[in-house]
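*Asks:* Now for the letters of each chain:
2 protein chains.
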Amino acid sequence: MEKMKMITISREFGSGGRTIGHQVAEALGIPFYDKELVEHIALESGFASKFVEEHGEHSPGKSIFSYAFASQGVPGVMNGLSTADFLWSIQCNVIMQLAEKGPCVIVGRNADYILKDRPDCLHAFIYANKDYRAERIVRLYGESEKSPQARLNEKDKRRKVNYQHYTGRTWGQAQNYDISLDSSRLGIETCTDILVKLMRGEKI
Amino acid sequence: MEKMKMITISREFGSGGRTIGHQVAEALGIPFYDKELVEHIALESGFASKFVEEHGEHSPGKSIFSYAFASQGVPGVMNGLSTADFLWSIQCNVIMQLAEKGPCVIVGRNADYILKDRPDCLHAFIYANKDYRAERIVRLYGESEKSPQARLNEKDKRRKVNYQHYTGRTWGQAQNYDISLDSSRLGIETCTDILVKLMRGEKI
Numbered sequence: 748m749e750k751m752k753m754i755t756i757s758r759e760f761g762s763g764g765r766t767i768g769h770q771v772a773e774a775l776g777i778p779f780y781d782k783e784l785v786e787h788i789a790l791e792s793g794f795a796s797k798f799v800e801e802h803g804e805h806s807p808g809k810s811i812f813s814y815a816f817a818s819q820g821v822p823g824v825m826n827g828l829s830t831a832d833f834l835w836s837i838q839c840n841v842i843m844q845l846a847e848k849g850p851c852v853i854v855g856r857n858a859d860y861i862l863k864d865r866p867d868c869l870h871a872f873i874y875a876n877k878d879y880r881a882e883r884i885v886r887l888y889g890e891s892e893k894s895p896q897a898r899l900n901e902k903d904k905r906r907k908v909n910y911q912h913y914t915g916r917t918w919g920q921a922q923n924y925d926i927s928l929d930s931s932r933l934g935i936e937t938c939t940d941i942l943v944k945l946m947r948g949e950k951i
Numbered sequence: 748m749e750k751m752k753m754i755t756i757s758r759e760f761g762s763g764g765r766t767i768g769h770q771v772a773e774a775l776g777i778p779f780y781d782k783e784l785v786e787h788i789a790l791e792s793g794f795a796s797k798f799v800e801e802h803g804e805h806s807p808g809k810s811i812f813s814y815a816f817a818s819q820g821v822p823g824v825m826n827g828l829s830t831a832d833f834l835w836s837i838q839c840n841v842i843m844q845l846a847e848k849g850p851c852v853i854v855g856r857n858a859d860y861i862l863k864d865r866p867d868c869l870h871a872f873i874y875a876n877k878d879y880r881a882e883r884i885v886r887l888y889g890e891s892e893k894s895p896q897a898r899l900n901e902k903d904k905r906r907k908v909n910y911q912h913y914t915g916r917t918w919g920q921a922q923n924y925d926i927s928l929d930s931s932r933l934g935i936e937t938c939t940d941i942l943v944k945l946m947r948g949e950k951i
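In order, the protein sequences belong to chains U and W.
Per the working numbering, numbering through the first sequence is continuous, rising by one, with the last residue being 951.
Per the working numbering, numbering through the second sequence is continuous, rising by one, with the last residue being 951.
Next comes chain U alone, as it looks inside the complex (with noise of 0.2 Å):
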């Protein structure tokens, strides 16, 4: 395989796509866009981040919040469209300008999709099962009123409906991407490692 320009890494919440996403911009001394994606859609947007954090992968289903935000936020910018088919084009732009950029490692926000037509980029797709993501997000981001259980159910439904809304594409469905990687078996060393020989187009 030849040498990748960038690469987006697709995950599942709690399976280690972004600390492998970091390593790899590590290893390859390129910038990794994934906190800073939501700081440039939301100046973009001129949303509040934590609120095109909270919105941008989630459901695309208009709630009272949506509505309220659509008349309020951006007067006459967003053309009739519901905030997060707004917030949706932003990111499209947002993700197609960093491409253009340079190279890079994206995490989320359905770059995949977005950049499905770019021959130099790497998509790679993060899962692992139940009990390590449970096991890790406990560990990461703390206990909450929620069993880990729910809230991985939750998350893994949000992203679901939400790719699958504005992809037309299952997620999580192999041929979505260029690789999968399942890092509770494989460990996030080992797909850290084949990423980035992946990505210098070097012989395993």
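Be aware that a few hints might be false.
Each pair may be met inside one copy or between any two copies, as identical chains are not told apart.
As the list claims (entries may be wrong) - Taking lysine-lysine pairs in the DSSO-like style, the calculated list, with each CA pair at most 27 Å apart, reads:
#1 LYS797 with LYS944
#2 LYS752 with LYS877
#3 LYS944 with LYS902
#4 LYS950 with LYS877
#5 LYS848 with LYS877
#6 LYS750 with LYS877
#7 LYS750 with LYS902
#8 LYS782 with LYS752
#9 LYS848 with LYS904
#10 LYS902 with LYS782
#11 LYS944 with LYS752
#12 LYS782 with LYS893
#13 LYS907 with LYS877
#14 LYS848 with LYS902
#15 LYS893 with LYS750
#16 LYS950 with LYS902
#17 LYS848 with LYS863
#18 LYS904 with LYS944
#19 LYS902 with LYS752
#20 LYS950 with LYS797
#21 LYS750 with LYS944
Worth flagging that the hints you see were computed from the coordinates, not collected in a lab.
Given chain U, work out where chain W should sit, using these hints.
*Replies:* The following block gives chain W in isolation, referenced to the frame of chain U:
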């Protein structure tokens, strides 16, 4: 990741999954089961190998043929099962016995599901874009009355229906496997190299 004892390779028709499986078996010096598996199943079931080959991964619907075979095939042994269900039960037994016997590569036959509870078994899925697969099947298996696209669609559909029926899972869903690789993007050699390293438990 630890060293693995065996590997199942599920694959889209024309993706090169069989070739990759063969190369992995050669590199590791372990048996390769594909057509050979058909012979085993035929031997156990009393059906002709051509019949097993054609029906083993195909849709489970009861055709006139399957009723005809069911009444004539192996009297008193099939216990009222349809031919397809009878073959499936034989297939499960043969694959579980092979796994007990020693290290091996098993291509197809829903072996990923049958051996899903063995921690010493790596499960890989190989797929590729349709243009790549169409070119390969014409080159390797020759032209036929049907267009390459029609041949791909037919095989894809049959494997999908068979897999769904016997496993309750969705064909091609990344979470069914430990690793999924697009051979048209990564190249057959790279896919082989990744799987060999993982099987050996070597650092990538």
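*Asks:* Indicate, hint by hint, whether the structure satisfies it.
*Replies:* Here's how the hints hold up against the structure:
1. For the homomeric pair LYS797 and LYS944, neither the shortest alpha-carbon distance inside one copy (35 Å) nor that between copies (42 Å) is at most 27 Å.
2. With identical chains, the CA atoms of LYS752 and LYS877 are at most 27 Å apart between copies only, with a shortest distance of 24 Å across copies and 32 Å within one.
3. In this assembly of identical chains, LYS944 and LYS902 lie within 27 Å of each other by CA distance neither inside one copy nor across copies; the values are 30 Å within and 33 Å between.
4. For a Cα distance limit of 27 Å, the shortest separation of LYS950 from LYS877 across copies, 26 Å, qualifies, whereas the shortest one inside one copy, 33 Å, does not.
5. For a Cα distance limit of 27 Å, the shortest separation of LYS848 from LYS877 qualifies neither inside one copy, at 37 Å, nor across copies, at 31 Å.
6. Taking the closest pair of Cα atoms, LYS750 and LYS877 come within 27 Å of each other only across two copies (23 Å); inside a single copy the shortest separation is 33 Å, beyond that limit.
7. When the C-alpha separation of LYS750 and LYS902 is checked against a cutoff of 27 Å, the pair qualifies neither within a copy, at 33 Å, nor between copies, at 33 Å.
8. Taking the closest pair of Cα atoms, LYS782 and LYS752 come within 27 Å of each other only inside a single copy of the chain (21 Å); across copies the shortest separation is 41 Å, beyond that limit.
9. Proximity of LYS848 and LYS904 under a CA criterion of 27 Å is satisfied in neither setting, with 33 Å inside one chain copy and 41 Å between copies.
10. For a Cα distance limit of 27 Å, the shortest separation of LYS902 from LYS782 inside one copy, 17 Å, qualifies, whereas the shortest one across copies, 43 Å, does not.
11. Within a single copy, LYS944 and LYS752 get their C-alpha atoms as close as 13 Å, and across copies as close as 25 Å, so both meet the 27 Å cut-off.
12. With identical chains, the CA atoms of LYS782 and LYS893 are at most 27 Å apart within one copy only, with a shortest distance of 24 Å there and 50 Å across copies.
13. In this assembly of identical chains, the alpha carbons of LYS907 and LYS877 lie at most 27 Å apart whether taken from the same copy (16 Å) or from different copies (25 Å).
14. Within a single copy, LYS848 and LYS902 get their C-alpha atoms no closer than 31 Å, and across copies no closer than 42 Å, so neither meets the 27 Å cut-off.
15. Within a single copy, LYS893 and LYS750 get their C-alpha atoms no closer than 43 Å, and across copies no closer than 37 Å, so neither meets the 27 Å cut-off.
16. In this homomeric assembly, LYS950 and LYS902 never come within 27 Å of each other (Cα to Cα): the closest approach is 36 Å inside a single copy and 32 Å across copies.
17. In this assembly of identical chains, LYS848 and LYS863 lie within 27 Å of each other by CA distance solely inside one copy; the values are 17 Å within and 43 Å between copies.
18. In this assembly of identical chains, the alpha carbons of LYS904 and LYS944 never lie at most 27 Å apart, being 32 Å within a copy and 34 Å across copies at closest.
19. In this assembly of identical chains, the alpha carbons of LYS902 and LYS752 never lie at most 27 Å apart, being 30 Å within a copy and 35 Å across copies at closest.
20. Taking the shortest Cα distances, LYS950 and LYS797 never come within 27 Å of each other, neither inside one copy (42 Å) nor across copies (40 Å).
21. Taking the shortest alpha-carbon separations for LYS750 and LYS944, both the intra-copy value of 9 Å and the inter-copy value of 20 Å come in at or below 27 Å.
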